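Asker: Model the full assembly from the supplied sequences, consistent with the hints where possible.
One line per chain: the protein sequences are W and A, in this order.
Everything in the first sequence is counted per this note's numbering, starting at 1 for the first residue and increasing by one.
Everything in the second sequence is counted per this note's numbering, starting at 1 for the first residue and increasing by one.
There could be a bad hint or two in this list.
Only part of the chain A face toward chain W is listed, based on derived beta-carbon distances under 10 Å [to be verified]:
hint: 1; residue: Arg30
hint: 2; residue: Tyr31
hint: 3; residue: Tyr33
hint: 4; residue: Tyr48
hint: 5; residue: Ala111
If you are wondering where the hints come from, they were derived from the structure by calculation, not from laboratory data.
Nothing here was measured: the structure is a model prediction, and the numbers come from that model.
Beta carbons: idealized from backbone N, C-alpha and C, even for Gly.
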Amino acid sequence: GDSVTQMEGPVTLSEEAFLTINCTYTATGYPSLFWYVQYPGEGLQLLLKATKADDKGSNKGFEATYRKETTSFHLEKGSVQVSDSAVYFCALRNTGNQFYFGTGTSLTVIP
Amino acid sequence: DAGITQSPRHKVTETGTPVTLRCHQTENHRYMYWYRQDPGHGLRLIHYSYGVKDTDKGEVSDGYSVSRSKTEDFLLTLESATSSQTSVYFCAISGAGDRGLSGANVLTFGAGSRLTVL
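Answerer: In structure tokens form, the structure reads like this:
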């Protein structure tokens, strides 16, 4: 079945460090891919998305590129801030409009 | 939360009692979902609905039932709650033309309902 695998956390970085969170997927057909972010005590919010191969999603300095050949959608940010501390979820939407999520990666950014 | 409200937001109950969580949307979206979030498991789909009275099971549906008699409401029922159902439950909606970053269908989440079964 369809699934998403993302790197285990927690991840702790100093402010202004480079961030990469790895995500790979398994799906039939051509899924859409997403990154969601969850701040403490809140629901998940869409961070960025990509709907086809080689698309790059971007938002708030975060980027991820849909790589069909490696079935990956890694999240990157060049310079993290304390306010980026949150849990990040990689997700896919299949052709049946079902969404599957990874287990989440907790990020803590220290000043 | 983009027109999604969940109730109750917090509930403590005892093993064996029935519990119903409600999700209400004002976006007129076709698809509605119930997820549970647990440490180490991320989000797991319980049930989803693709229209009024049209529902289907997700990956962790045992012990749960749902109903959708109106477009705007999606109810999740635990007929006899167990301690393993202690979790945070999230409702989400999806539909063509969602507001979001652009274009295609995305999921929009409610704020969550924290359920503790003693």
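Asker: Could you work out which of the previously given hints the structure breaks and list their numbers from low to high?
Answerer: Nothing - there is no hint that the structure violates, so all of them hold.
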